[in-house]
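**Student:** So the chains spell out like this:
There are 6 protein chains.
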Amino acid sequence: MSMYQLGIVKRNIVRADRAAVEKLSRFGVATIHEAMGRVGLMKNYMKPVYTGAHVCGTAVTVLLQPGDNWMMHVAAEQLQAGDVVVAACTSDNEDGFFGDLLATSFRARGALGLIIDGGVRDVKDLAEMDFPVFSRAINAKGTIKATLGSVNIPVVCAGAVVNPGDVVIADADGVVVVPAAMAQKVADAAEAREANETEKRAKLAAGVLGLDMYNMREPLAKAGLKYID
Amino acid sequence: MSMYQLGIVKRNIVRADRAAVEKLSRFGVATIHEAMGRVGLMKNYMKPVYTGAHVCGTAVTVLLQPGDNWMMHVAAEQLQAGDVVVAACTSDNEDGFFGDLLATSFRARGALGLIIDGGVRDVKDLAEMDFPVFSRAINAKGTIKATLGSVNIPVVCAGAVVNPGDVVIADADGVVVVPAAMAQKVADAAEAREANETEKRAKLAAGVLGLDMYNMREPLAKAGLKYID
Amino acid sequence: MSMYQLGIVKRNIVRADRAAVEKLSRFGVATIHEAMGRVGLMKNYMKPVYTGAHVCGTAVTVLLQPGDNWMMHVAAEQLQAGDVVVAACTSDNEDGFFGDLLATSFRARGALGLIIDGGVRDVKDLAEMDFPVFSRAINAKGTIKATLGSVNIPVVCAGAVVNPGDVVIADADGVVVVPAAMAQKVADAAEAREANETEKRAKLAAGVLGLDMYNMREPLAKAGLKYID
Amino acid sequence: MSMYQLGIVKRNIVRADRAAVEKLSRFGVATIHEAMGRVGLMKNYMKPVYTGAHVCGTAVTVLLQPGDNWMMHVAAEQLQAGDVVVAACTSDNEDGFFGDLLATSFRARGALGLIIDGGVRDVKDLAEMDFPVFSRAINAKGTIKATLGSVNIPVVCAGAVVNPGDVVIADADGVVVVPAAMAQKVADAAEAREANETEKRAKLAAGVLGLDMYNMREPLAKAGLKYID
Amino acid sequence: MSMYQLGIVKRNIVRADRAAVEKLSRFGVATIHEAMGRVGLMKNYMKPVYTGAHVCGTAVTVLLQPGDNWMMHVAAEQLQAGDVVVAACTSDNEDGFFGDLLATSFRARGALGLIIDGGVRDVKDLAEMDFPVFSRAINAKGTIKATLGSVNIPVVCAGAVVNPGDVVIADADGVVVVPAAMAQKVADAAEAREANETEKRAKLAAGVLGLDMYNMREPLAKAGLKYID
Amino acid sequence: MSMYQLGIVKRNIVRADRAAVEKLSRFGVATIHEAMGRVGLMKNYMKPVYTGAHVCGTAVTVLLQPGDNWMMHVAAEQLQAGDVVVAACTSDNEDGFFGDLLATSFRARGALGLIIDGGVRDVKDLAEMDFPVFSRAINAKGTIKATLGSVNIPVVCAGAVVNPGDVVIADADGVVVVPAAMAQKVADAAEAREANETEKRAKLAAGVLGLDMYNMREPLAKAGLKYID
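Chains as they are written, first to last, in this note's numbering: chain B, 1 to 229; chain U, 1001 to 1229; chain W, 2001 to 2229; chain R, 3001 to 3229; chain S, 4001 to 4229; chain L, 5001 to 5229.
Check each hint, because a few of them may be wrong.
What the hints assert, rightly or not - As a list, the in silico DSSO-like pairs of lysine-lysine whose alpha-carbon atoms are at most 30 Å apart:
#	chain 1	residue 1	chain 2	residue 2
1	S	4203	R	3145
2	R	3043	L	5145
3	S	4010	L	5200
4	S	4010	S	4043
5	U	1043	S	4047
Said to hold, decoys possible - To spell it out: a stretch of chain U is covered by chain R in this simulated footprint if at least three of its residues, at any positions, have a beta carbon under 8 Å from a beta carbon of chain R; those stretches are:
#	region
6	1032–1039
7	1158–1166
Everything labelled a hint here was simulated from the structure, so no lab data went into it. Predicted model only: the values in this text are computed from it and were never measured. Glycine is no exception: its CB is placed at the ideal position from the N, C-alpha and C atoms.
One chain only, chain B, in its complex shape (with noise of 0.2 Å):
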């Protein structure tokens, strides 16, 4: 699948493994850009409709046009149980493509949220839904349904390629991509990550500096730092 067609659909999708997300749930995007070697994140123009949405799932992603949310529709039907739409635009455009009646839609297609580069309404009633939306802006401005894009072909999404079947995981810190191929590993990274944060976290509030925990007092002053008085 290319990047470059439009008025594509398609249908059947490898998605990342099911375990490798349930477990990539469990852990924040700060843990995960970093369990990636500090790839994959989106531009943090991205934000949350609503304070504490947070979502991880597996991506149908959507090309969009501006001004258009056709596609959204057509992506509707390509849903299962667990996924997240990602939906990017041909060109930048903070029109609302995404609204309740959608959001329905997709919840009963069995999908846990949105990830859009573009704009979105009734942040309200998506609060009260508690469906997670995360988008580049909040625009009542409605769209039109009159040119074709593609769904579950590879797009780039606020900075981030995103292919269909890859995990995204969006939380207050930001949205970040994992290849469906690095799932598992990456999970296991966040874990691991993690476990050595809660050591550390105990130290640093007992008092303990950073400076001496990480050893970084030599390499300062190698690097010439001095301290006066």
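Based on these hints, arrange chains U, W, R, S and L on the given structure of chain B.
**Tutor:** Coordinates of chains U, W, R, S and L only, in the frame set by chain B:
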């Protein structure tokens, strides 16, 4: 009244029909914007200063000068019960033109809220008072009282034309302006739209696809949409 | 101490008088900014990372390099009870320089909060810890530890000069800096202003117009304001 | 004609008096804006697409839909010699609505230039043709032809209201709109202002201070200005 | 090669067919973008650092770390005649990663230009050298050499995926990426499109309306367009 | 002199050594910024208002109020040959504080140019006069003369602290501030750096790689860089 007259206060303005305003107050901004034919929205940089703020009322308009809130005090005297102050500025400026003292004054005069293409402060107090304010910025920076603007002339606020007496509705999705003369018709259209949406929502919740409910399959095929495996 | 010295940690700084800091902590940012003569505010892109965050304390300053939080660990050792870390960066950068581990360490050393002209992460944890942070961005992107900046030199943070030991106050309206030497005087001026406002608020709530309370009618007429019907 | 009517083309519009337009064309935007009383300017994100572009003419207005330039072709038919096309959009959109083919068509129909609150492309060709265009963006992204907007209704373009037939003047300093009915008066005021400036310029060039020429010393002293050594 | 591998330099990359690249170099970005089916454009914040800059060549990709240009030197060794360096960064950063020394080195190695989602400096020198650079920013701020990125892995640069060997074309209208495998086909489509445009241009210059040339009158009427006087 | 004093004009300021200023004028901003140790740069939103503008001189500082250019006239009287006016504002404001009349006055008083964290107008005239101006915006919007700021107090301009008498250098790469006391030392360091660069440039032009010239191969290998085919 011209948009280009500085130093003017218009005292007698024709407010939108009270019953139409009351009816409009029952609908959200997204619904009303659709009922208007997808026009009349302010730019989506306008944000509520606290979660849950919403307001619907008749506009008393103010044209401010940058860094100067003198006309806000002049506007206070023109307020009647059910009004919403709509403040524009002769240039982009995010100074804090408004705070809890003016909110107290506006409320005492019957105003329901403020829409301002500028900055405001004392937002914690505004939240505690539950005095809804939608602004382009929050800013502690105070203003002076030195230069005339106008009250109750037509203004462009955040990209939308507002005439004194127009209905202004604001909620989490944005801010929309309904010309006084269209208020009843738009309220009726919003009501029809909402009735229609309730039915759609039920179908979508039951798993019916928008593709079928909106009869999109044929136009999509005609536009060339291809399904592949 | 020069603003232009990299690789320096100043250990002995003169903190603002504790009683003055305590007094300043009773007032909001908007009030203190007015009491300062409308100067000393940081840019209004600085936002609390959770609703309700507020802090008042003495500045320990940090100059960071882009994508590098090494100096945050160096700063931790310099903290005393009642301090607020104020972090600037040598270039605009929204990477996540700070998270829950550093917050744990800073709190263990007595710090009350963080003001950072950069990004932070783990914001859900920060909210749960109620560790107030004001930043230009939220970003899961982590940082390295490779290049020296400085601790406790004068910095420009979000447009405001902060000297170590200055008082920094932050709430929903923004962030203001009070030079240590001005702390008592500004606290007194803030107190006087607030007393004055209580009386005004009562009058305005009773329906008195600012036009009359502030004697604006005559200067408005003199400036040429015209009332029309 | 309402601002809120989509799908309308108004054929007969009243253009500003030709002599007044010709007179206005002799002055810069800054001068005309002052002559208007410091109102009527578009937002300063509007930029010439090549150095040296400037234009003055009567507005034929277009309301576009995002990502759709269908109405530009409709507008072409309504053009007369001396017109400037002023294009607004129902939502913020930087797609490339206009390029050298439309410029060729507009010029063939008598148009002098384009002001567009959107994107344009083929800017090298536009520079070679010396067809002045002022836009919010340059963007190679093409548009579709699917949804109706309107031609020759009042529009809000980059924050300024433009009625068909109004005079629009654009140069390196920005874009200003002069309502048709005010064209002669504003042209006269601009002329007076410019005459006045020539004399001032000579004095200032000779070293006379604005402080003295504008008699500012007394009001400055009264405002409290203090000179120290 | 994965997008997620840091610390890797791929030496043997497959460059697009030289004849196809040469053919593509004869067309502008807007034309090629249309020939691609309106995909493949970088974000329009990418700007030439001097007027008249344009370039077409095969991509050698670089993934940078914020504030660090170490990988630029690594990339220099991988350059061949006809290459264009395409540099992305792991986070948004406008530091000056590139200046006249690196331009001298790149040119000596055969490179034709640079596309960088970051800042550059020495822009006066770059103009004098006529070394075309398209960047998101101009910034005198220098960078360090401390952290590994990668060379010749797939990158997302200003919203577009670039694989090593792809064709990158940049001019005043923007920057477009043509996958190596599509180069010949897109070049042919661009040629066809341009031939087609020459004819259209002549007609439009003669006063023929797009309305007639493109047969728009009937679909416009069908869509409901109304002409009024 | 405090940064926080409004209503003050300091008449006697200590300007940087004239010979040091002259020497600094021979180097570009990027070179000087490196010679400073990579500090002292203004934000990169500061842009020349015409291509080719560059300036080097001693700062006369101005603190403006939003929408008010009164202090510019006050500053004119304090100018000496070789000065550059550096204007900051108490809040972000892009109004046009400066135009050709003030440029005429400043030049008559010996000033070489203007750096302003605000807007300017008459930019075509400024280009014709070759009076270099670096600003955050171009804006035809005029200002009033109503509120006191200060002249020759320390200011924060576009993120950099400027003390009266400091050296300010601006060119196509940006604006850098050299404290008066550091002028000679920085000029010497810039000279040394530039000499060094000439030699490097020749080597790079001859095809020597930075990898070898800077001995990067070993540290890169140590950092873990891997070459693959």
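**Student:** Could you run down the list of hints and mark each one as holding or not?
**Tutor:** Structure-based check of each hint:
1. S:4203 to R:3145: 20 Å, holds
2. R:3043 to L:5145: Judged against 30 Å, a Cα distance of about 22 Å means the pair holds.
3. S:4010 to L:5200: Satisfied, since the Cα-Cα distance of roughly 27 Å is no more than 30 Å.
4. S:4010 to S:4043: Roughly 26 Å separates the two Cα atoms, so the pair holds.
5. U:1043 to S:4047: The given pair, whose Cα atoms are some 26 Å apart, holds under the 30 Å limit.
6. 1032–1039: holds (count 4)
7. 1158–1166: The restraint on the region 1158–1166 of chain U holds, since 3 of its residues have a Cβ under 8 Å from chain R and three suffice.
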